[in-house]
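By my numbering, the letter at position 92 of the sequence shown is numbered 477, and the numbering carries on one by one without gaps.
No lab work stands behind these hints: they were computed from the structure.
Please note: incorrect hints may appear among the correct ones.
[As the list claims (entries may be wrong)] Straight-line C-alpha distance at most 20 Å; calculated EDC-like pairs for lysine to aspartate or glutamate: (1) LYS482 to GLU406; (2) LYS489 to GLU436; (3) LYS490 to ASP480; (4) LYS490 to GLU406; (5) LYS489 to GLU401; (6) LYS490 to GLU401; (7) LYS482 to GLU401.
Since we're looking at a predicted model, the values are computed, not measured.
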Amino acid sequence: MSESLFGKDYEMKPIETRVVEALRPCMTTTSLHYHIPYSFGAASSTRVSNELGAGKPQAARIALYAVLILSVAEFITASAALYGCRYILGYAFSDEKEVVDYVKKLLLFYVYLSSSIA
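With the hints as extra help, turn the sequences into a complete structure.
Quick look at the structure:
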């Protein structure tokens with residue numbers, strides 16, 4: 386019983402170093418990509434609260450629509466840039482062909498995943 390719970394059934398397999406190296410550029414571009422809409426949200430929340438505090442709900446609505454349009458435009462631009470540069474982005478982080486191939490596959494998955502979330 387203890388052998389099946391703590392023995393070879395649940396033995397962790399070592400992660401390939403190539404896969405770990407390929408995750409680094411993907412995580413870097415992901416964190417950079419998420420900082421831009423976050424800054425839009427921080428700026429717009431201040432603007433909207435100031436407009437609502439001044440009694441101008443129409444100006445707050447316009448500011449909200451402007452931020453929504455900017456966020457969608459940023460998403461489309463960043464996704465297109467990542468999709469177009471997926472063959473060469475891995476070379477910015479590593480010279481190994483296998484790592485670059487992993488980055489190419491992961492960035493394609495990232496573009497698909499971020500489009501389904503948005």
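Quick rundown of the hints versus the structure:
| no. | hint | verdict |
| --- | --- | --- |
| 1 | LYS482 to GLU406 | 12 Å, holds |
| 2 | LYS489 to GLU436 | 44 Å, violated |
| 3 | LYS490 to ASP480 | 16 Å, holds |
| 4 | LYS490 to GLU406 | 13 Å, holds |
| 5 | LYS489 to GLU401 | 17 Å, holds |
| 6 | LYS490 to GLU401 | 16 Å, holds |
| 7 | LYS482 to GLU401 | 15 Å, holds |
Checked against the numbered hints listed earlier, the structure breaks hint 2 alone; every other hint is satisfied.
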